[in-house]
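Peer 1: Listed here are the chains, written in short residue letters.
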Amino acid sequence: DTAVSQTPKYLVTQMGNDKSIKCEQNLGHDTMYWYKQDSKKFLKIMFSYNNKELIINETVPNRFSPKSPDKAHLNLHINSLELGDSAVYFCASSQVPREGYTFGSGTRLTVV
Amino acid sequence: SQKIEQNSEALNIQEGKTATLTCNYTNYSPAYLQWYRQDPGRGPVFLLLIRENEKEKRKERLKVTFDTTLKQSLFHITASQPADSATYLCALAFYSSASKIIFGSGTRLSIRP
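Protein chains in written order, with my numbering: chain F, 1 to 112; chain P, 1 to 113.
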């Protein structure tokens, strides 16, 4: 059983399109996250939700909008995609803040 | 400015030796420091956590130290094996932000047979 699952694994799309990435965790964790890993391998936090409530919203363009329908799901919608959005996006969850995260396997987004 | 630096982008170690990876930080006061392993095309996997009041933590062949005076953590893998080859990331967590951890850029470790 996959603990944190993301779909799709790969996403190739044209500039200007709107796309969504879905994430689900079956660990019963209260907190979920979206991280972006760029070409230099830096992982940067984008958003965090605790029990469906947004608690972290880093400096991310408004084109990125997270949605958490319940505490097991955190989706990421991106409008008007730009070339610079190309990266690997990771979903993660944790039960206790500051302690170990469980990551999904990532979604590689390529904007052409 | 605030920085997390991990030693050299890549580290090459002979099988059986101890691999030592370094994580240095400036202008942060972390409550916790975590280490993760990341394989190509996969998400990071949590390995160990050490708290600011702990000097050392061990788990099987892994050992982590945390020196808040030097602002440094060392991550050791003893009796290294080719299967230990991966990128290792350190991450800082803070009292002031319960749900955010900040990652270093990682060190790519290769263990040669």
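A hint or two may mislead.
DEER-style ranges, computed between Cβ atoms [to be verified]:
| no. | chain 1 | residue 1 | chain 2 | residue 2 | range |
| --- | --- | --- | --- | --- | --- |
| 1 | F | T13 | P | R51 | 21 to 29 Å |
| 2 | P | N7 | F | E82 | 19 to 27 Å |
| 3 | F | S5 | P | K59 | 22 to 30 Å |
| 4 | P | T78 | F | E99 | 23 to 31 Å |
| 5 | F | G16 | P | K17 | 19 to 27 Å |
| 6 | F | N79 | P | K55 | 47 to 55 Å |
These are computed hints drawn from the structure, not numbers from a lab. Predicted model, so just to flag it, every value in this text is computed and none were measured. For each residue, glycine too, the CB sits at the ideal point set by N, CA and C.
Peer 1: Decide, hint by hint, whether the structure agrees.
Peer 2: Cross-check of the supplied hints:
1. The hinted window of 21 to 29 Å between T13/F and R51/P is violated, with their beta carbons roughly 43 Å apart.
2. Distance hint for N7/P and E82/F: a CB-CB separation of about 34 Å, inconsistent with the stated range 19 to 27 Å.
3. In this structure the supplied range 22 to 30 Å holds for S5/F paired with K59/P, their Cβ-Cβ distance being about 26 Å.
4. Remark: the range hint 23 to 31 Å for T78/P to E99/F is upheld by a beta-carbon distance near 25 Å.
5. Taking the beta carbon of each, G16/F and K17/P are about 52 Å apart, not inside 19 to 27 Å as hinted.
6. The beta-carbon spacing between N79/F and K55/P, approximately 48 Å, falls within the hinted interval of 47 to 55 Å.
Figure legend: structure checked against the earlier numbered hints; hints not met, in rising order: 1, 2, 5.
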